[in-house]
Amino acid sequence: MKIFPENASSYGGEVDFIFWLITGVVAVASVIVIFLLLYPVLTRRRKLTKTQRYQKGEGFRNLRLIYLGILLLAIADFFFLYKEGPTWTKIEETLPDKEFHVAIIGRQWLWEIVYPGPDGKLYTADDVKKINQFYMPVNSVVHMDIQSYDVIHSVFIPNARFKQDALPGRNITRWVKMTKTGTFPLSCAEICGIGHANMKATIIVQNKEDFKKTLTKLYKK
Amino acid sequence: MEKIKKLTWREIPQARLAVWTLIAGEFVIFGGLIVMYILNRLKYESWGEMAQHTNVWAGTINTFVLLTSSYFVVKAHEAAVHKNKAQIKKWIWLTIVCAFMFLGIKSYEYTHEIMHGFTLPGKHLVAEGLGVESRYWSFYYTMTGLHGLHVIAGALALFFVMRNVTKTDKNYQRIEAAGLYWHMVDIIWIFLFPLIYLIH
Amino acid sequence: MNTHKKHGFWHRYFFSLDHKDIGFQYMLTIFFMVSIGGFFAYVFRMHLAFPDMKVPLFGLVTNKDYNMLITNHGLIMMMWLALGMLLAVAGNFLIPIMIGTDDMAFPKLNKISYWIFLLSVILMIASFFMPKGGLGVGWTLYPPLSVGDFGYNTPYKSFADRFFTANTFVLLAIAFEFTSLLMGGINFFVTTLNKRAKGMSLLKMPMVVWMINIANLLFMFSVGPLVAGTFMLLLDINVGTGFYDAYRGGDPLLWEHLFWFFGHPEVYVILLPPLGILAEIISVNSRKPLFGYKFILTLTLIAAVLSTMVWAHHQFVAGIDPRAATVFSIFTIIISLPFAGIILAYIATLWKGDLRFTLPMKWALGAVALFTLLGGFTGLHLGASVFDIYAHDTSFVVAHFHYTLFPTVIFGSFAAIYFWFSKFSGRKLNQTLGNLHFWLTFIFFNGFAFPLFLLGLAGQHRRIADYRQFEFLMQDPLPLYRKIATISAVILILSQFIFLFNFIWSLKRGKKETEDNPWQANTLEWQTSSPPPHGNFKVYPVVNYGPYEYNRPDKDKDFTPQNEI
Amino acid sequence: MDIHSSNPGLEHEVVVPKEPDYHGHPNYLKIYLTLLGLFALTVVASLLHNPLIVFFIVFGISIIKGTLVLLYFMHLKWEPTLIWIMLGLALLILLFLFIGTYPDIVPVQRYLVPKA
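Protein chains in written order, with the working numbering: chain A, 1 to 221; chain B, 1 to 200; chain C, 1 to 565; chain D, 1 to 116.
Zero decoy hints are in this set.
Label pairs and their calculated CB-CB ranges:
| hint | chain 1 | residue 1 | chain 2 | residue 2 | range |
| --- | --- | --- | --- | --- | --- |
| 1 | C | K538 | B | N171 | 26 to 32 Å |
| 2 | C | K511 | B | K167 | 48 to 54 Å |
| 3 | D | L33 | C | R12 | 55 to 61 Å |
| 4 | C | S201 | D | W84 | 18 to 24 Å |
| 5 | C | K511 | B | E11 | 45 to 51 Å |
| 6 | D | L91 | C | E471 | 51 to 57 Å |
It should be emphasised that the hints constitute simulated quantities derived from the structure, not laboratory data.
Nothing here was measured: the structure is a model prediction, and the numbers come from that model.
All residues carry an ideal CB built from backbone N, CA and C; glycine is no exception.
Chain A extracted, bound-state conformation (with noise of 0.2 Å):
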């Protein structure tokens, strides 16, 4: 059985890592509590005579076993947070040299794709625009200027385990490289009105050959 949707971009192998490092610890950390919780639950139904009551600090002795359980978490979490930092820095605070460049317009209810015309450069009077169709070259890093008409909206593509809002006055860059050819969705998590569920657009990744037919194809609409 499979757990996520095929990876098919270049930091997603590091996004599902996190989960399965993190489920891992987490796992263990289960086991530890299941067993702490359920050896008094299933051992304690007696009465206590007299002569076995409550002394100050009993239970796990004394506080020492609480703070080496925080100590273990803490740990625990510094270790996710060491691992995950140059992710994130990877994935959000970087952009790697583009090798093209679209925007993404969310607008109630579709995605507006536009692509740099003939000269190459996004935003002059030459932009070719698409709706609901995101071609991309594959194994090359797209840059993604995310913007939005109206209402917030959210580019969320699965495979490539990307997300990002797009929010009205403001464009935020980001950054996919896909590894694998193919199509894959797009859709729109952040609620948008009553469109947002039928708010989706295809990925299409070529090679870099039908890629470039497909510019062509594009510029001579």
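Dock chains B, C and D against chain A, hints included.
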């Protein structure tokens, strides 16, 4: 000033404790508004020009009126300590007059601004394409308006407490509790005044 | 003061000044709201699993209906059930009697807070019947959408058109509810500080009193900016101030910040009172002192302060500065530590105890287990900002917050109701029905929420009316998971009728509770008659012992009431 | 500390203050005149031309004025530490709000999608 030791928290009367808690809550509400205003103000330099269109003199007089009213309220509180009903009545009525003066000047100011066309964008927006600057006036009306509501609430509280205390001849500590609220209204204005009117 | 008069219906349910009656008023109002919220949940869950079916009792669900249902389900459950049940109801019932006093510090203020609460409920219900239908923007009310078609793009509408909309009414309802809870909170705080019984020092207060008060203060401090923000959103809708309108330099992100600046501490506001309730129940039922009273208290205070610094983890992908997100991620992960300490302290209380598996204890253990294992630990997944990129706004988040909120709010409330029912009514709840209710709720809650984790990991995003448009979400096991979740949710909702029947029947016909102190508990509410008279105590207690002194070696019985001499 | 006669053991009634010296009464007139003086200073300072200097002077004086009103008119000086803590927490939380929100509002470049 005589030296008096601090109260411990067990000794504080419950009305006063309640009003102090309320004041802390109000600080956060107004503080939230002020923080948002400051953030926007830092972002948009053009708001400084808008601030020049405010009526500084009206604001100045209003500050003076509120400071004076605060003084009247402490005098009323001093009278309440000695259970002097006539004095209580005198000082609180003076405070309420101050509140009305404040509101009168405020409404003069609003009329002035609206006549000069500094309105909320609402209706005209699409036609005239008002932009970033219009939101200065949004903040202006929201902050002063909310403060105005507090002035009214404070004046009402003082009035009812005064009536209650002078009629029943007990619960004199309520004068102080209502007075605390009034001082809070004053403090908020002390911060709103420079933020809205003075910094260009 | 102690003369108990029989009062008429209106006097008891509307004009009463007694804290127990006001608590009961709150409780009935909240039961009413929950039944609406639960019904909404039933309708949209049915629609998700069986998209083309006419849902019984509702009919065909359109996209618009669906948005409205999820929005109002969220709002009702978060704002009215969780906040109301755990601040207003628990505070009203427990605080005065547990600190050994007759009533609130300001009984009239208490009554007025209930009226304002009722007004907010009425406004909320009225919002469903506005000309344009109920609000359908998600319970977070993100602005450009919640301002509706009153923004830049559309021509001016008359004031009546703007005012009589669900948007305005819901915001007004929220504003009034906050007002009510703030007034109630001030009342609780003053009561706790000023009206404690003689000898009840702060460190002899039961944990639940502490927790409710910390939650109240946290609520008071964090809600302020949102009150201002709600006011601004109302003005945006009704007079067009444009605070959140990007085309006038406003910023939707500002609302997100204000909302979550309250919204995250709110989670802890909701969490702390049930933790207090669990402390009471676990300690009583393991016949042992609560482990590390001061330790738990310190951790709670630390967590309360920390909780105001983590809010932006709800906005990791909302366009905030990624470097700021790193800081918030660190704080988020750190805040798991105090709660780990608290849970471990509860577990330590169980160890070497003399456990009694009474009904409240079952609810309490269930709550601890589910909250820790599936609620708390998945919080680590989401707190790690990288995985949150993927999991944000998917069913994973839905499952996570149902696993944190359901065990605390619902299990905690049921634990409290099963624990204090006999004190409140003088009658016993039926145990068989209670056991049935517990097991059905426990099993089918898991059956409902766990598949959502798997669906979320498969990439199912939230708030979609019809998943058939997304092929990758219709691959094989996923529709089955949705059906399992739906069927479990329906059984979960149905099994609450067992409770409702038990509650109403036992209130009128249940077995009389003969003892004042059936659980042999220490705290003061058990040291008066059941139900307590108006004014709570015949003779006001003088406190000599701490709240959790069970099994003292120097005593004959295994409990020592706080007011024992 | 007298105990309420009808409720033996009920301690809360003791907090009805014993007039007139349950907290200090400073010379209110002096404080008031100081406030007016500071206020005059604010108005004069606002006539300066450098906005930054105006901001610091004017805001600084506002803080002094607010503190004076808090300390003496509202008798915070004699109130228990609990209330200081509460007000302090309110300010601290506002500080958190400011710091957390600042990077997402102030330095952000606005970009509006051109209208179709």
